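A.B. asks: So you can see what is in the structure, the chains are spelled out below.
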Amino acid sequence: MAIYETIFILDSLMQTKEIDSAIERFSEILKSSGCKIRKEERWGKRRLAYEIQKKQYGFYGSIEFEGEGDVVRELENEYNFNDKVLRYLTYRYDKSKLKVMEKAKEDSPVKEEKPAVEKPVAAVVEKAEEPPAEKTENDAVETEEKSKE
Amino acid sequence: MLKVRRKRVCQFCEKDIEYIDFKDDRQLVRFLTEQGKIIPRHTSGTCAKHQRQLARAVKRARQIAIIPFVTDFTR
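As they're listed, the protein sequences go chains A and B.
Heads up, this note's numbering is the position in the first sequence plus 4, with the first residue counted as 1.
Heads up, this note's numbering is the position in the second sequence plus 71, with the first residue counted as 1.
A couple of the hints might just be wrong.
What the hints assert, rightly or not - Below 20 Å or equal to it, Euclidean Cα-Cα: the simulated PhoX-like pairs (lysine-lysine) are:
1. B:LYS86 - A:LYS103
2. A:LYS43 - B:LYS86
3. B:LYS108 - A:LYS101
4. A:LYS109 - A:LYS99
5. A:LYS59 - A:LYS101
6. A:LYS99 - B:LYS94
7. A:LYS35 - B:LYS94
8. A:LYS103 - B:LYS120
9. B:LYS86 - A:LYS107
10. B:LYS108 - A:LYS43
11. B:LYS108 - A:LYS49
12. B:LYS108 - B:LYS94
13. B:LYS108 - A:LYS103
14. A:LYS99 - B:LYS108
15. B:LYS108 - A:LYS107
To be verified - Partial chain A-side listing against chain B, Cβ under 7 Å, derived:
16. ILE7
17. TYR54
18. GLN57
19. LYS58
20. VAL75
21. LEU93
22. ARG96
23. LYS101
24. VAL104
25. ALA108
These aren't lab readings, by the way, just hints derived from the structure by calculation.
These numbers were taken from a predicted model, which means no experiment stands behind them.
Where is the CB? At the ideal position from N, CA and C, for every residue including glycine.
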């Protein structure tokens, strides 16, 4: 048994329901052939570095699983059959990755309270509107003129 | 006259990075030329072990459209 990760790019124009069902299908295939799913991730919609089938954006997702190598062929058959899959990549974790994972495992019991990794939401800075300021100036001038009179 | 060359140290060894993640495009881009080619070892100073890993990471990242195969300058 080895650990693999499969990454797929789906058409970003798909409905969220369709995406859910597609991911469900992939994991179902893995489960039915006796794999243990370790992680399921959605990276979300991302810009592609180059166009694939005339598309600039894609929905990325990944599944980390543990199983035998012959499952990969079955999974890739499904990818090829499904038109909504733009690209896929399945690879086996090499020893350096496994080493890092083991280290993380050893560290994790010590640090139980892990800070939640959340991306800071970029605050939208609204520019102060210029026109009202001008108006007030004009008003001020007008009032001054009136006072002179 | 001898050129005094400062010996470069592998950036991955310095930072004690064991696994080069191909999903981290920002890290990979630092080892690519503007055209998207992998910078050779004698220029970047990366050690053999990490250069092999880096090459694999870059090739994977290219496959799933995280970094481009080529950056074309349309003129």
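A.B. asks: All hints, please: hold or fail.
C.D. replies: Taking the hints in turn, this is what the structure says about them:
Only pairs whose Cα atoms come within 20 Å are accepted, and LYS86 (chain B) paired with LYS103 (chain A) is accepted, the gap being roughly 16 Å. Pair hint LYS43 (chain A) plus LYS86 (chain B) does not hold up; C-alpha atoms about 28 Å apart against a cutoff of 20 Å. About 24 Å separates the Cα atoms of LYS108 (chain B) and LYS101 (chain A), which puts this hinted pair outside 20 Å; it is violated. For the given pair, LYS109 (chain A) sits about 15 Å from LYS99 (chain A) by alpha-carbon distance, which is consistent with the 20 Å threshold.
Distance check on the hinted pair: LYS59 (chain A) and LYS101 (chain A) sit about 32 Å apart at the alpha-carbon level, beyond 20 Å; violated. Distance check on the hinted pair: LYS99 (chain A) and LYS94 (chain B) sit about 18 Å apart at the alpha-carbon level, within 20 Å; holds. Between LYS35 (chain A) and LYS94 (chain B) the alpha-carbon distance is near 25 Å, which puts this suggested pair outside the 20 Å criterion. Proposed proximity of LYS103 (chain A) and LYS120 (chain B) is supported: the alpha carbons are some 15 Å apart, at most 20 Å.
For the suggested pair LYS86 (chain B) and LYS107 (chain A), the alpha carbons sit about 16 Å apart, so the restraint of at most 20 Å is met. Only pairs whose Cα atoms come within 20 Å are accepted, and LYS108 (chain B) paired with LYS43 (chain A) is rejected, the gap being roughly 32 Å. A hinted pair counts as satisfied when its Cα atoms are at most 20 Å apart, and LYS108 (chain B) with LYS49 (chain A) does not qualify at roughly 26 Å. Between the alpha carbons of LYS108 (chain B) and LYS94 (chain B) the distance comes to roughly 17 Å, so the proposed pair stays at or under 20 Å and holds.
Only pairs whose Cα atoms come within 20 Å are accepted, and LYS108 (chain B) paired with LYS103 (chain A) is rejected, the gap being roughly 29 Å. Distance hint between LYS99 (chain A) and LYS108 (chain B) is unfulfilled; the C-alpha atoms sit about 26 Å from each other, more than 20 Å. For the given pair, LYS108 (chain B) sits about 32 Å from LYS107 (chain A) by alpha-carbon distance, which is inconsistent with the 20 Å threshold. Because the beta carbon of ILE7 (chain A) sits about 13 Å from the nearest beta carbon in chain B, more than 7 Å, this interface hint is broken.
The closest approach between the C-beta of TYR54 (chain A) and any C-beta of chain B is roughly 5 Å, which is under the 7 Å cut-off, so the hint is satisfied. Annotation: interface hint on GLN57 (chain A) violated; nearest CB of chain B at approximately 11 Å, more than 7 Å. The closest approach between the C-beta of LYS58 (chain A) and any C-beta of chain B is roughly 13 Å, which is over the 7 Å cut-off, so the hint fails. For VAL75 (chain A), the shortest C-beta to C-beta distance to chain B is roughly 20 Å, which exceeds 7 Å, and the interface hint is violated.
Taken as an interface hint, LEU93 (chain A) checks out: its beta carbon lies about 5 Å from the nearest beta carbon of chain B, inside 7 Å. Restraint check, ARG96 (chain A) versus chain B: the minimum CB separation of about 12 Å is more than 7 Å; hint violated. The criterion of a C-beta within 7 Å of any C-beta in chain B is met by LYS101 (chain A), whose closest approach is roughly 5 Å, and the hint holds. Annotation: VAL104 (chain A) was flagged as interfacial toward chain B, and the flag holds, the nearest CB pair being 4 Å apart, inside 7 Å.
Against a cut-off of 7 Å between C-beta atoms, the interface hint on ALA108 (chain A) is violated, since the closest Cβ of chain B lies about 10 Å away.
Hints 2, 3, 5, 7, 10, 11, 13, 14, 15, 16, 18, 19, 20, 22 and 25, counting from the list given before, are not met by this structure.
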